[in-house]
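Colleague: One letter stands for each residue in the lines below.
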Amino acid sequence: MLKGKNVIDPMDLSLEELDEILNLADEIIAEPNKFTHACDGNVLAALFYEPSTRTRLSFEAAMCRLGGKVIGFSEPNASSVAKGESIADTIRTIACYADVAVMRHPKEGAPRVAAQYSDIPVINAGDGGHQHPTQTLTDLLTIRATMGRLDNLTIGCCGDLKFGRTVHSLIKTLSRYENNKFILISPEELEIPEYIRREVLEKRNIEFKQVRTMEEAMDELDILYMTRVQRERFFNEEDYIKLKDTYILDNEKMKLAKKDMIVLHPLPRVNEISYEVDNDQRAVYFKQAKYGMFVRMALILKLLGIY
Amino acid sequence: MLKGKNVIDPMDLSLEELDEILNLADEIIAEPNKFTHACDGNVLAALFYEPSTRTRLSFEAAMCRLGGKVIGFSEPNASSVAKGESIADTIRTIACYADVAVMRHPKEGAPRVAAQYSDIPVINAGDGGHQHPTQTLTDLLTIRATMGRLDNLTIGCCGDLKFGRTVHSLIKTLSRYENNKFILISPEELEIPEYIRREVLEKRNIEFKQVRTMEEAMDELDILYMTRVQRERFFNEEDYIKLKDTYILDNEKMKLAKKDMIVLHPLPRVNEISYEVDNDQRAVYFKQAKYGMFVRMALILKLLGIY
Amino acid sequence: MLKGKNVIDPMDLSLEELDEILNLADEIIAEPNKFTHACDGNVLAALFYEPSTRTRLSFEAAMCRLGGKVIGFSEPNASSVAKGESIADTIRTIACYADVAVMRHPKEGAPRVAAQYSDIPVINAGDGGHQHPTQTLTDLLTIRATMGRLDNLTIGCCGDLKFGRTVHSLIKTLSRYENNKFILISPEELEIPEYIRREVLEKRNIEFKQVRTMEEAMDELDILYMTRVQRERFFNEEDYIKLKDTYILDNEKMKLAKKDMIVLHPLPRVNEISYEVDNDQRAVYFKQAKYGMFVRMALILKLLGIY
Numbered sequence: 003m004l005k006g007k008n009v010i011d012p013m014d015l016s017l018e019e020l021d022e023i024l025n026l027a028d029e030i031i032a033e034p035n036k037f038t039h040a041c042d043g044n045v046l047a048a049l050f051y052e053p054s055t056r057t058r059l060s061f062e063a064a065m066c067r068l069g070g071k072v073i074g075f076s077e078p079n080a081s082s083v084a085k086g087e088s089i090a091d092t093i094r095t096i097a098c099y100a101d102v103a104v105m106r107h108p109k110e111g112a113p114r115v116a117a118q119y120s121d122i123p124v125i126n127a128g129d130g131g132h133q134h135p136t137q138t139l140t141d142l143l144t145i146r147a148t149m150g151r152l153d154n155l156t157i158g159c160c161g162d163l164k165f166g167r168t169v170h171s172l173i174k175t176l177s178r179y180e181n182n183k184f185i186l187i188s189p190e191e192l193e194i195p196e197y198i199r200r201e202v203l204e205k206r207n208i209e210f211k212q213v214r215t216m217e218e219a220m221d222e223l224d225i226l227y228m229t230r231v232q233r234e235r236f237f238n239e240e241d242y243i244k245l246k247d248t249y250i251l252d253n254e255k256m257k258l259a260k261k262d263m264i265v266l267h268p269l270p271r272v273n274e275i276s277y278e279v280d281n282d283q284r285a286v287y288f289k290q291a292k293y294g295m296f297v298r299m300a301l302i303l304k305l306l307g308i309y
Numbered sequence: 003m004l005k006g007k008n009v010i011d012p013m014d015l016s017l018e019e020l021d022e023i024l025n026l027a028d029e030i031i032a033e034p035n036k037f038t039h040a041c042d043g044n045v046l047a048a049l050f051y052e053p054s055t056r057t058r059l060s061f062e063a064a065m066c067r068l069g070g071k072v073i074g075f076s077e078p079n080a081s082s083v084a085k086g087e088s089i090a091d092t093i094r095t096i097a098c099y100a101d102v103a104v105m106r107h108p109k110e111g112a113p114r115v116a117a118q119y120s121d122i123p124v125i126n127a128g129d130g131g132h133q134h135p136t137q138t139l140t141d142l143l144t145i146r147a148t149m150g151r152l153d154n155l156t157i158g159c160c161g162d163l164k165f166g167r168t169v170h171s172l173i174k175t176l177s178r179y180e181n182n183k184f185i186l187i188s189p190e191e192l193e194i195p196e197y198i199r200r201e202v203l204e205k206r207n208i209e210f211k212q213v214r215t216m217e218e219a220m221d222e223l224d225i226l227y228m229t230r231v232q233r234e235r236f237f238n239e240e241d242y243i244k245l246k247d248t249y250i251l252d253n254e255k256m257k258l259a260k261k262d263m264i265v266l267h268p269l270p271r272v273n274e275i276s277y278e279v280d281n282d283q284r285a286v287y288f289k290q291a292k293y294g295m296f297v298r299m300a301l302i303l304k305l306l307g308i309y
Numbered sequence: 003m004l005k006g007k008n009v010i011d012p013m014d015l016s017l018e019e020l021d022e023i024l025n026l027a028d029e030i031i032a033e034p035n036k037f038t039h040a041c042d043g044n045v046l047a048a049l050f051y052e053p054s055t056r057t058r059l060s061f062e063a064a065m066c067r068l069g070g071k072v073i074g075f076s077e078p079n080a081s082s083v084a085k086g087e088s089i090a091d092t093i094r095t096i097a098c099y100a101d102v103a104v105m106r107h108p109k110e111g112a113p114r115v116a117a118q119y120s121d122i123p124v125i126n127a128g129d130g131g132h133q134h135p136t137q138t139l140t141d142l143l144t145i146r147a148t149m150g151r152l153d154n155l156t157i158g159c160c161g162d163l164k165f166g167r168t169v170h171s172l173i174k175t176l177s178r179y180e181n182n183k184f185i186l187i188s189p190e191e192l193e194i195p196e197y198i199r200r201e202v203l204e205k206r207n208i209e210f211k212q213v214r215t216m217e218e219a220m221d222e223l224d225i226l227y228m229t230r231v232q233r234e235r236f237f238n239e240e241d242y243i244k245l246k247d248t249y250i251l252d253n254e255k256m257k258l259a260k261k262d263m264i265v266l267h268p269l270p271r272v273n274e275i276s277y278e279v280d281n282d283q284r285a286v287y288f289k290q291a292k293y294g295m296f297v298r299m300a301l302i303l304k305l306l307g308i309y
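Protein chains in written order, with my numbering: chain H, 3 to 309; chain P, 3 to 309; chain Y, 3 to 309.
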């Protein structure tokens with residue numbers, strides 16, 4: 003069903019397709035050795051027009067653990083782009099060499115354009131402040147594996163809700179499952195964009211509230227999704243410094259939370275979660291990185307039509 | 003016969019050796035799965051002292067599809083060169099790690115020097131404006147696979163014939179086959195160098211003519227070989243801008259051509275071929291990229307003595 | 003015994019452990035094909051926060067020749083460090099993707115910190131002017147394989163003994179074997195640091211002498227360990243130019259040496275060994291590079307608990 007498909011936006015995937023991927027990821031987690039040679043003879047192209055070690059290594063490890071090979075580049079200046087080549091031409095050439103392509107690009111929409119010209123499936127690994135569907139898949143797998151469900155959850159999203167694309171994708175996706183509620187914790191300057199509030203939450207009658215402090219929300223949450231306040235999203239240094247330390251999770255705040263709440267973070271973190279929290283059982287953000295590799299393994303297998 | 007050989011200049015290969023490589027490439031195209039583990043346990047070193055994504059990825063994909071592994075670097079500053087090491091020392095070290103080496107270098111002659119000191123076969127993947135033998139192999143395989151022969155052809159070469167090394171190599175190589183004719187289409191400023199005209203074409207009594215417009219030549223051609231007008235070859239911006247748009251292939255011009263003519267291009271293209279031409283059956287430049295991978299697979303197998 | 007261990011400092015390894023690694027390396031040298039699939043399904047992360055082609059390619063080739071896969075980066079700016087992530091967080095993420103990590107870092111102590119937070123074995127591939135344990139393993143294997151023993155040797159160390167970490171490690175390690183003597187050949191400005199003289203040599207009553215010219219020492223040596231005078235270690239260009247050519251090995255000096263003396267060099271060399279010496283049977287520095295790959299293969303297998 004997923005064979006040959008492009009994955010550009012998390013919303014490209016139906017709930018059935020999401021399920022299919024997550025179920026296969028579960029199988030991989032249960033018996034990883036069964037998949038050691040599943041992608042034998044297959045090649046993944048990792049096209050990183052913008053450095054992103056974490057995402058790139060996650061994809062590369064995923065393909066390696068399936069027995070496949072990886073080619074690609076991790077910086078724009080190492081690519082033919084410097085010679086003025088279009089994305090369309092690049093992907094058509096890459097499609098001669100590889101069986102599946104992963105693209106990270108600073109320009110919104112670039113992976114969508116690539117997919118239009120490609121003979122092989124294209125996976126968007128982040129396009130500007132736009133989409134990053136495999137991060138969403140990672141979040142879903144982590145939640146399902148640790149909470150046992152994707153519905154009937156109260157999700158707190160904390161930090162930079164304005165520019166944080168992972169949060170936008172997560173809200174859109176979890177809104178598709180029944181009876182989820184959102185508590186949006188941010189300073190006024192970094193509130194979620196109007197279009198998400200109107201077009202996603204209000205339109206679908208999803209329960210949500212916006213608060214200014216973590217303390218107001220902690221005891222209600224099943225999931226706390228922390229995000230990094232990225233320096234590069236700010237227009238001036240002063241605003242960044244004023245706001246970056248506002249929403250820091252520490253053991254004191256963790257005391258207010260439920261015993262089975264989980265803390266997620268797309269990583270890398272800077273200082274929005276104190277190191278002391280790492281030892282808390284409820285901190286699953288490093289596990290999350292592992293789930294990220296497993297879900298990418300599942301996605302690759304599905305798009306190649308191997309499973 | 004080719005085992006252990008270095009491939010620095012296309013002219014290093016006899017017609018018999020060319021045949022041997024092209025025949026093996028045909029076998030690979032027919033049954034790629036047969037070769038999935040042919041290079042098991044072998045390592046290719048990709049030494050790119052100058053970025054060239056296309057060529058590098060083609061070699062890497064070739065080795066991966068044979069079951070071999072790839073090590074290397076894609077930029078000069080990532081190499082020991084920064085510490086003042088000679089090419090001779092670098093290759094002697096690399097020869098301890100790998101079974102075959104591919105070298106791209108901005109300095110003409112560098113791969114030849116490396117080959118002198120190497121215990122493993124060295125393949126030149128482009129040295130300055132000089133040689134690029136696997137591009138020539140790619141062109142030969144594409145022509146043979148689509149036209150069915152390498153002789154009795156009328157070949158049009160269009161664009162930058164002065165600095166375009168792929169055209170020089172192609173002319174030299176196709177001059178070795180019987181009864182080929184050349185039509186050289188370029189502005190006066192970018193005509194083929196005197197030494198090719200004298201030493202290759204005139205000396206061997208090869209039929210050729212030089213024209214200024216594509217229109218004069220189109221209806222005679224079996225092959226149209228388009229080249230990019232590279233900004234970096236020009237001494238001043240003004241000359242570049244004046245000439246770069248002069249020789250653009252479009253559907254209008256394609257109407258003048260034979261029905262079974264083929265259009266080749268070493269890629270990347272900038273705008274010397276209009277996108278509308280891509281849908282023309284006679285445009286085989288993306289297929290050419292695929293043939294490039296197959297011919298590199300054949301070359302690696304031959305140099306390693308596996309086939 | 004070595005399974006799961008970190009290798010940060012050569013002194014972390016007991017003589018028994020060193021023996022274990024060197025013995026396995028001997029087995030690999032004798033029958034390399036036996037190990038072609040030993041690391042099937044395993045992933046090595048190469049984390050190079052500072053470029054070092056030689057060491058990186060040696061590790062990558064080692065893992066490839068064991069059938070394992072490699073992920074990683076070769077430059078700091080391609081890493082998440084740019085986003086302000088700590089070493090602790092990076093290694094915890096990497097440990098989700100890989101089975102063993104190799105780290106090169108400009109800051110002394112960084113690999114030690116990484117090891118503290120890592121669930122997988124961490125190998126130090128050089129931290130500033132500090133430790134580089136696999137270079138020491140390489141030296142040991144080369145000496146043992148060519149001289150047949152690691153004790154009862156007279157070792158000459160020549161060149162930059164002040165900043166050359168490979169020499170420091172070698173002296174410390176060979177001091178652990180019986181009856182080795184050292185002759186330290188350097189200008190006054192580049193003598194070995196006081197702490198090595200006092201804490202290692204004098205404390206353990208190791209026989210050594212310090213001389214100013216190679217001629218004084220040559221006829222006594224079983225091993226001559228040459229080092230590069232690194233430009234980057236000098237505070238001013240003048241000192242570098244004055245000293246860099248002082249200790250150059252040539253055929254004239256080789257005439258003074260024993261017939262079975264061996265010449266080692268960690269490479270890359272600049273001009274401290276004349277090219278004419280390369281053809282001398284006693285010059286084993288390129289063989290040494292090959293031993294470096296074999297000993298890394300052995301180390302990886304041991305840390306993963308496969309052998």
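Treat each hint with caution, since some may be false.
Given that identical chains are not distinguished, each listed pair holds provided it fits within a single copy or across any two copies.
[Said to hold, decoys possible] Below, simulated DSBU-like cross-link-like pairs (lysine-lysine); rule was C-alpha separation at most 35 angstroms, straight line:
1. K205 / K36
2. K289 / K257
3. K292 / K36
4. K183 / K36
5. K109 / K292
Hints were generated in silico from the structure; no laboratory data involved.
Colleague: So, for every hint listed, does it hold in this structure?
Modeller: So, going through the hints one by one against the coordinates:
1. K205 / K36: neither (44 angstroms within a copy, 55 angstroms between copies)
2. K289 / K257: Close inside one copy (21 angstroms), not across copies (61 angstroms); limit 35 angstroms.
3. K292 / K36: both (18 angstroms within a copy, 32 angstroms between copies)
4. K183 / K36: neither (38 angstroms within a copy, 54 angstroms between copies)
5. K109 / K292: both (28 angstroms within a copy, 28 angstroms between copies)
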